[in-house]
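2 protein chains.
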Amino acid sequence: MPKRDYLDDPNAPAPNSLVVAVGAVVRNADGAILLIKRGDNGLWALPGGAQDLGESTTDAVVREVREETGLQGRVAGLVGIYSNPGHVIAYDDGEVRQEFSVVFRVDAMGGEVRPSTESVNVEWVTPDRVPDLDIHPSMRLRIEHGLADLPTPYLC
Amino acid sequence: MPKRDYLDDPNAPAPNSLVVAVGAVVRNADGAILLIKRGDNGLWALPGGAQDLGESTTDAVVREVREETGLQGRVAGLVGIYSNPGHVIAYDDGEVRQEFSVVFRVDAMGGEVRPSTESVNVEWVTPDRVPDLDIHPSMRLRIEHGLADLPTPYLC
Numbered sequence: 001m002p003k004r005d006y007l008d009d010p011n012a013p014a015p016n017s018l019v020v021a022v023g024a025v026v027r028n029a030d031g032a033i034l035l036i037k038r039g040d041n042g043l044w045a046l047p048g049g050a051q052d053l054g055e056s057t058t059d060a061v062v063r064e065v066r067e068e069t070g071l072q073g074r075v076a077g078l079v080g081i082y083s084n085p086g087h088v089i090a091y092d093d094g095e096v097r098q099e100f101s102v103v104f105r106v107d108a109m110g111g112e113v114r115p116s117t118e119s120v121n122v123e124w125v126t127p128d129r130v131p132d133l134d135i136h137p138s139m140r141l142r143i144e145h146g147l148a149d150l151p152t153p154y155l156c
Numbered sequence: 001m002p003k004r005d006y007l008d009d010p011n012a013p014a015p016n017s018l019v020v021a022v023g024a025v026v027r028n029a030d031g032a033i034l035l036i037k038r039g040d041n042g043l044w045a046l047p048g049g050a051q052d053l054g055e056s057t058t059d060a061v062v063r064e065v066r067e068e069t070g071l072q073g074r075v076a077g078l079v080g081i082y083s084n085p086g087h088v089i090a091y092d093d094g095e096v097r098q099e100f101s102v103v104f105r106v107d108a109m110g111g112e113v114r115p116s117t118e119s120v121n122v123e124w125v126t127p128d129r130v131p132d133l134d135i136h137p138s139m140r141l142r143i144e145h146g147l148a149d150l151p152t153p154y155l156c
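Chains as they are written, first to last, in this note's numbering: chain V, 1 to 156; chain E, 1 to 156.
This is chain V alone, in the form it adopts within the complex (with noise of 0.2 Å):
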């Protein structure tokens, strides 16, 4: 679980570690995103989470996304990379890790959305919904480039 997430902060700690996350857009017919509240932390997020061994990156958010909502998705195009080296999340074990993370556009092929033990809710939001969440303001970058769905990826 983490212990505390820096953002920008000249107080933060040096990272020492570097895992790649991976995020999904999935949106419906009638525009809305999915969002799940996460249960670590009690923030709304995008699907994700780390890749694992053995696994492409694609793998790894149709495996995120199906664990977390119930869904079977479908990579279709990139949203962005998001590696600020400002944004570091410190453990509870030591760990610093430094922010990376893929984010995908994901088509819902089918199933059933659900809640997970990690995401304790699972919804489709309209976007003008989205200003009132608490969301992460790293999480919220990513979700306004989902939304405005940005003609080239976000890189940096």
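Honestly, the hints are just simulated from the structure, not real lab data.
Since we're looking at a predicted model, the values are computed, not measured.
Note that CB positions come from ideal geometry on N, CA and C, so glycine has one too.
It is possible that some hints are incorrect.
[Said to hold, decoys possible] Which stretches of chain E does chain V cover? Using the computed rule of at least three CB atoms under 8 Å from a CB of chain V, they are:
| # | region |
| --- | --- |
| 1 | 52 to 61 |
| 2 | 76 to 83 |
| 3 | 100 to 108 |
| 4 | 125 to 137 |
| 5 | 149 to 156 |
[As the list claims (entries may be wrong)] Which residues of chain V face chain E? A few of them, derived with a C-beta cut under 10 Å, are:
| # | residue |
| --- | --- |
| 6 | Pro15 |
| 7 | Asn16 |
| 8 | Leu18 |
| 9 | Val19 |
| 10 | Gly39 |
| 11 | Gly42 |
| 12 | Leu43 |
| 13 | Ser56 |
| 14 | Thr57 |
| 15 | Thr58 |
| 16 | Leu78 |
| 17 | Tyr82 |
| 18 | Val102 |
| 19 | Leu155 |
On the provided structure of chain V, position chain E as indicated by the hints.
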């Protein structure tokens, strides 16, 4: 130094590491592509290497281009994300690293091409010469995508 490269080999060892690496497709006005001959294995490759802690992924590719070729670059786009779990590299110290590489299109903005300790040769290579060079298949795929100028990033 890599001990051995395995590609879709049923006898490959199981991976125990995933490291963010970057590569650069840099082309000149004549359409030639910038390739280096690696000091560690003698193969031709795109300039690139592992992302360091404290830098973004785009910072990393600009740094690697400068270190390995002498050129100052600017990120212009994304060629693809390469994460074939069937490609692993075993090292002498027991690390078995699974492929994970982000390949960017990089514009050369200045500087003079020169070799380095990691790149014993640095050359602008015309596309017709690429098939004759000794290049690992996973790297050849990236070079071909860079030369083909794919309409959307390659994702796996």
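Hint by hint, here is what the structure shows:
1. 52 to 61: holds (count 7)
2. 76 to 83: Since three or more residues must qualify, the claim that chain V covers the region 76 to 83 of chain E holds, with 4 doing so at under 8 Å.
3. 100 to 108: With 3 residues closer than 8 Å to chain V, the region 100 to 108 of chain E meets the three-residue bar; holds.
4. 125 to 137: violated (count 0)
5. 149 to 156: holds (count 4)
6. Pro15: This interface hint holds because 5 Å falls under the 10 Å limit.
7. Asn16: Because about 7 Å separates asparagine 16 of chain V from the closest Cβ in chain E, which is inside the 10 Å limit, the hint holds.
8. Leu18: 6 Å, holds
9. Val19: Holds: closest Cβ of chain E sits about 8 Å from valine 19 of chain V, inside 10 Å.
10. Gly39: With a closest approach of 25 Å, the glycine 39 of chain V hint is violated.
11. Gly42: Glycine 42 of chain V check fails; min Cβ-Cβ to chain E is 28 Å, beyond 10 Å.
12. Leu43: 23 Å, violated
13. Ser56: 5 Å, holds
14. Thr57: This interface hint holds because 4 Å falls under the 10 Å limit.
15. Thr58: Cβ of threonine 58 of chain V sits 6 Å from chain E, so the hint holds.
16. Leu78: With a minimum Cβ separation of about 5 Å from chain E (threshold 10 Å), the hint on leucine 78 of chain V holds.
17. Tyr82: 9 Å, holds
18. Val102: Given a least distance of 6 Å, the restraint on valine 102 of chain V holds.
19. Leu155: 6 Å, holds
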